[in-house]
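Going down the list, the sequences are from chains A and B.
Under our numbering, the first residue of the first sequence carries the number 442, and numbering increases by one thereafter.
Under our numbering, the first residue of the second sequence carries the number 92, and numbering increases by one thereafter.
Everything labelled a hint here was simulated from the structure, so no lab data went into it.
Hints may be right or wrong, so weigh each one.
[What the hints assert, rightly or not] Mimicking DSSO-like on lysine-lysine, the simulated pairs with C-alpha atoms at most 30 Å apart in a straight line are: (1) A:K635 <-> A:K529; (2) B:K103 <-> A:K529; (3) A:K635 <-> B:K103.
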Amino acid sequence: MTPVGQGEFWRSPATTDAARDPEDWVVALSMDGPDHHHALRRLHGLLLRAARHQVSRMGTLLYDAGPDLADELTHQAADEAMVALLAKLHTFQGRSRFTTWAYKFGILQAATEVRSHAWRSRQVVLDDSHYTVDLGPSVEEYAESADLARAVRRAIDQTLTPHQRRIMLALLVDAVPIDVLAERLGTNRNALYKTLHDARVRVRADLTAAGYLRAATANGNEP
Amino acid sequence: MTEQPPRAVTRKVLHNLTKNTQPWLSCDDCFALLDEYFDRRLSDPGFVDVAMATHLDACPACAEEAASLQALLEADG
């Protein structure tokens, strides 16, 4: 039998009471001893379940891959989620079930792995000026729509910084996933979402001032 | 060298670009609150968190992960 490395012993088959969850996950995961090893195995099982669920949901993005790749991404995501979760174990405050808290780590990691793989050979264009505004009007709406298109173009060109335009065009027009874009730019999801949020605020303010958008309307309002 | 067709801000993109993303919630905040949000919604389907709902409407990556967590919890019963 091949010895299991110290850092990955949770992958070895459980020998006792394999179906029982720890009464207190945080304590079991924090202390040394048999309960600790058992808790790590159970936790890895939860993360594998979450990662497998996520990889399966995003299976269409892996259309060119076989089941081996899906399995590899699943296990890789579960392992990396395990490390991320254990690093944040001290932040678990019991406001949700531990299993729910654990699942989200597996899901996030698996989703990130799948998106990254799906875009691995695709180029991400970062350009702030080459775009058109094509609102596709019907004949009767043509004049109004052309007017709006000019206003949108002006709002994007004059109120956004080049960086905001590049990020907005990559995320909304090219539909680059936010974590893929973050990876390519060496930044993080938070920073890109904040950039997009600021761009939205500026464009909304401009179109509102120009009378194309109602002020303080509910989310999802269309001009 | 083949020239790429120009990228277009369509009506769908404009709808997305003009979403009102207030109240503000970052992706990290969304991740931090996600487990509590869905556990509360499972026990109280009427529970509403406006900032979370706003973020999930405007961030496709967080929305996909949230929908996945919800489906997994529902599958667990």
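Hint check:
1. Between the alpha carbons of K635 (chain A) and K529 (chain A) the distance comes to roughly 24 Å, so the proposed pair stays at or under 30 Å and holds.
2. A C-alpha spacing of about 38 Å is found between K103 (chain B) and K529 (chain A), which places the hinted pair above 30 Å, so the restraint is violated.
3. For a cut-off of 30 Å, the pair hint linking K635 (chain A) to K103 (chain B) stands: about 21 Å separates their Cα positions.
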